[in-house]
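> Go ahead and model the full structure; you've got the sequences and the hints to work with.
Residue numbers (the UniProt record's numbering), protein chains in the order written: chain H, 1 to 767; chain L, 1 to 767.
Derived by calculation from the structure, the hints in this document are not laboratory data. Quick caveat: nothing in here was measured; it's all calculated off a predicted structure.
The list cannot tell twin chains apart, which means a pair is met if one copy fits it or any two copies do.
Within a straight-line C-alpha distance of at most 20 Å, the following computed EDC-like cross-link-like pairs (lysine to aspartate or glutamate) qualify:
no., residue 1, residue 2
1, 66, 416
2, 545, 534
3, 399, 578
4, 71, 672
5, 66, 76
6, 242, 172
7, 105, 137
8, 569, 555
9, 472, 561
10, 66, 178
Protein chains: 2
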Amino acid sequence: MKQYFKVDEWNIIEEGLHPEDNRIYESVMSLGNGHMGIRGNFEESYSGNSLQGTYIAGVYYPDKTKVGWWKVGYPEYYAKVINATNFIGIDLYINGEKVDLAKTKVKDFKRILNMKHGYLLRTFTIIDSKNRETKIEVKRFLSIADKEIAAISYSVTPIGHDAKVTFIPYLDGYVSNEDSNYNEKFWVEIDKWVEKYKGYLTVKTKKLNFYVSTAMKYSVIQDDKTEVDVETIEKKKYVGNKITLIAKKDKTTTLYKYISVTTNRDYPTDKIKDKALEKVENAYNKGFEKLFHEHSKAWDKLWEESDIVIEGDTKAQQGIRFNIFQLNQTYLGDDPRLNIGPKGFTGEKYGGSTYWDTEAFCFNFYLSTRGEQVAKNLLLYRYKHLEKAKENAKKLGMKGALYPMVTMTGEECHNEWEITFEEIHRNAAISYAIFNYVRYTGDKNYLADYGFEVLVETSRYWADRVTYNPRKDKYMILGVTGPNEYENNVNNNWYTNTMASWNLEYTLKVKELLETEYPEKYNKLVNKLNLTEEELNKWKDIINKMYYPYVESLDVFEQQDGYMDKELKVVEDIPKDELPLNQNWSWDRILRSCFIKQADVIQGLYFLSDRFDIETKKRNFDFYEPRTVHESSLSPCVHSVIASEIGYKDKAYELYLRTARLDLDNINKDTDDGLHITSMAGTWMAIVEGFGGMKVKNNTLSFKPFIPDNWNKYSFKILFRGHLLKITVTKKEVIIKQEKGQNFNIRVYDENYLLPKDGKVIVKLNK
Amino acid sequence: MKQYFKVDEWNIIEEGLHPEDNRIYESVMSLGNGHMGIRGNFEESYSGNSLQGTYIAGVYYPDKTKVGWWKVGYPEYYAKVINATNFIGIDLYINGEKVDLAKTKVKDFKRILNMKHGYLLRTFTIIDSKNRETKIEVKRFLSIADKEIAAISYSVTPIGHDAKVTFIPYLDGYVSNEDSNYNEKFWVEIDKWVEKYKGYLTVKTKKLNFYVSTAMKYSVIQDDKTEVDVETIEKKKYVGNKITLIAKKDKTTTLYKYISVTTNRDYPTDKIKDKALEKVENAYNKGFEKLFHEHSKAWDKLWEESDIVIEGDTKAQQGIRFNIFQLNQTYLGDDPRLNIGPKGFTGEKYGGSTYWDTEAFCFNFYLSTRGEQVAKNLLLYRYKHLEKAKENAKKLGMKGALYPMVTMTGEECHNEWEITFEEIHRNAAISYAIFNYVRYTGDKNYLADYGFEVLVETSRYWADRVTYNPRKDKYMILGVTGPNEYENNVNNNWYTNTMASWNLEYTLKVKELLETEYPEKYNKLVNKLNLTEEELNKWKDIINKMYYPYVESLDVFEQQDGYMDKELKVVEDIPKDELPLNQNWSWDRILRSCFIKQADVIQGLYFLSDRFDIETKKRNFDFYEPRTVHESSLSPCVHSVIASEIGYKDKAYELYLRTARLDLDNINKDTDDGLHITSMAGTWMAIVEGFGGMKVKNNTLSFKPFIPDNWNKYSFKILFRGHLLKITVTKKEVIIKQEKGQNFNIRVYDENYLLPKDGKVIVKLNK
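Pasting the structure below:
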């Protein structure tokens, strides 16, 4: 495997410039603060291979759908994360020669992402046409202490010569998306203004009227002051300054650029310009070091809550930190209108911000590290989209609610029939997150206030979507795509049928609970929802008569009808040069093969873990995992958790590394497009739920840890109902320390232990 | 049902202008001569709803594929029939007022397509702003006697006033396709020149270098000569003349415009301009009447060979004539590089020129009315594409040859995975046409010279495409789309499995024949093809162990695995306002429903008719036809043939009318896009093979005619191995007359009859 980065516990280090892989490095080196993000682009001009990317959370564009062959029900528009005003830009000229690392001679290039304190550092030396060397050091961060602020320090040190240096710091709104369907530009200029050392630009999206103001202010600090000449530049959607000065031999000249970004998502439209100017002024007055100090302190706190420490395996340590770092850069849970985009702020690919990834893969991480309110915000996000989900079901001729596959505002924006119309299992994931939340937090009020409505409407969808088969007296679900997208339009996907039935069951269970514990609210809900006895009976009938494909000879669940008619090869039979399949095989060949993209039956065993014994899990894992190519980033994590549970420690570790280092090692050969943010939460699960064996049972936490052979020790932290626990696993012991909270009972290896306030429980490690 | 046209035996008549449905009228009023075609557009400017269309056979453009989500194996380009230089244009001004029927007051408007002699006539009276009336009569044709020539007579008669009349005859290459994927213009100007009364324009396609020269020459004839002023006009890709004259009160002024169109498909590129000028000069010298006379004589001959006469049912008569007329306008079989495009020269929709429609639906019409050489040309077309078909199979990871779903040059140009990659039954249709041709003509040489290679390579594809299922000891074909495109990615489509096995069987049968009758050629072929005993044995094994889905309880073939798990409704259960389904239901709903787009099992019963007895056909028809929505234009014809065979006369007649008048009555609500050319040959089949019960058995023709209740008489003609027969069916008798050919034996109602030279056989009609 190609090694892209130096292995280091806290840093992601590129040594030497890699023009051919630059997009991969740019993706990995992305910075974000939940409000905005930028790819690891260079400040100065770069004419080489690069994907310019500046993204602002919640600002999107309804790009006209591109489709070869239109089908009824397709959305007209595809909500797209859009590339916004480039605010990092600082063009650089040394002695009149433009610095462009694709052309300029460069040595000692390093690009370092510091995860501990969330900044990007570049150091390199350029050699001009007269062989004179100049050192450059660039550091930037997007503040997580003040999320509308970014700052850059750009230092130039001519070695052994005086140099005429020209900086052009600018704001450039003349940007586009590479994935624009019809080469449309999404932004129009509204307002701009520039003077010496200062400027701003306001642009708005052509549709939907998102207004974004970006302001900059900068200073130039020299060890040895020289005469400075400053000109202003104005172009279409562009403002800049041109600063020319003499940088003295061996002295450092630094340009500090402060940026603020405000949008009419947060302020009235007519105020965003003033707000941006006010904020950039404040930032400027604070200065780079103070801003950075506030920012790094905030990171310290985040790490304190969410870090996972691994001893004895730096690759694994770097992997998990990178995953946690990117998750915290993407979503911090403080804005309930936002969600966790599959690429976060690291690329354009995939539109929308919300997939079933949120409920199925990201939810637990935020629930256990960011707390109940953040998790509740994620649930409320879907609750607020319930009406849209009902419209979506109606559009497809169905009752109840069908949540969209991909969305920004609740409306479906994906347009492949086999996904958009058929990958309906997503509906159960929305319900599952409610169950999951209540199981973890005990917050039954949520069910009465919000959850039950979602459960009823998703149940209604399922009850309308099943086909009763009188010849077999069974309910079937025809024409679906399961989690394994390497099957399309299959009948009776075991996972979908299982989760649909579970969705109905849980709705009925919640109904009983509300009837008993919240009778008044319940009666109101019955009226509001028009819930009838007949409907409830229909649901019971479906639960009782749901059909589940099953392979008798092997005693495993059958992924879908007809799976066993396939040629039952294993992944090892595939020639290496044909992997990944999705880049080498035509779609029909993938579909009719037995090869599986991601957990499907296994996903069901993971979600409904309590229903299946270890032997069942083993049999199904043994049958399906060897046929799984893991070409979805969401695949290895779930397999790793189950592998841990069934005692396949080596497999669990192998799959952990695959999920943890997916982007660092560019395993699926698509990191150039951006990072796989949502699967990063799966990496966290692989450790906490897999290696740590953490589950919620009977209103408390239960652990069954093991430690991978080559690790000396690992630890993670968990927030649970007001308790903050630190779980440390060594070669010999499991130590569970209560850092916050009162006495309570926990379970380790199925034994009860009292965990005292400020105390710990130490249990011998099960081998 | 809305009636668009007056019912008439030989004419298609629009009375009064229908701006809202103009595109439908334009489609139906299309003219073509196998070399080029034009929609029923107006000569003068029209600012209303119109699809401008001028098409030249074999001239196409590789438009960059548009696809929402790319899949490995998709073609980069989609070969598109392109809109070429508009040569009919004649702008008209009366007393300085521009004639534009979307704005000008008009009365007594008629647009008449004369099918007998292949011309379009428009007559109308315009009323100017001073309430003065002027009569207009426009007649045009594309010569089938000289296929590069078109001519228009455009007559103006002011009623009760002298009028200043301005004609602007022009050639306009500044045209585009509405369906251009990225709004690209396909043509660039190469050369043009204009003088008084004459001009030409040469354009070429941006890619592939198709050069097209169009020349015009015209004359103006007046009852009463007036002073004529002529100016020339040149614009980008445009040449014209502006002729101003006084048209005297109640006198007719006629502009005769002669056009020639030449391409570098037929002449060296540097000669096409001269050729166009030479041809237009000749046409001009002959004059309109003489040109028209030659043209109409050629039509007389075509009708003599291919007309079907129906007495007592003008609607049915008009329908079949319209179908035969359009088929003869589209393809005359004289150019082996051409094929039968699904929209002919009547619209843009659908790229490519060749679908399985040719082999499955069009072949018999051309074989029986145009003769063996034309049919052989159609086979050779595919033979010449064999290498491309092998490349196509390879691209999808398969051995042998997979013919493309849609093509222009043998390369696949369609891009929906469920069609492109999975609708593989088309491969068997290519083989079936060979079988069909040899059965009809007895030309076994074709097998030795060309056919066997195609049969072997298609067989190789099938042998690689099947999946052996060791648990059932059966061969299966997984992940296909059958002829019924309202199912996608199904397993074991009965039709596909049946035809694949048939393909292998026929190949083995031909192998035996060649071995015996053409030993020398056979040995060469074995070497060329690298044919091994092992391979042949594998084919035999597949034939023996092919799996065919079957419904035991109903004793019918099961369309595919799992069809019986669907909710088994019938078409009558669908609310009328939800039809056609493809315009009202989302795709998933269509897929999981039991509703069928077009003949699937029934198509197999039709092709392999000899293998199935009447009872089997009846049971399957009874089960499937009520579930068939016939939303493919190719559906009713095949159903009609089988309905005839099983004695469902009313059903056969109902389905006949549906296929015959599909476009005249705009039944599928898409005639505005163009006509359904290929299904028109199915209409012919519905009469000849359905009502006439014609089959080829044991090297001769066999008939089992009946007559629909409301018909008094019908007749059709058949070319068969040097015989020209006229079959007439009355209420009482079947009369088979030999118009050309020697004595031979035919079969009527399973009895043998000797049909003497110049004689006839008369048999009592079976009731």
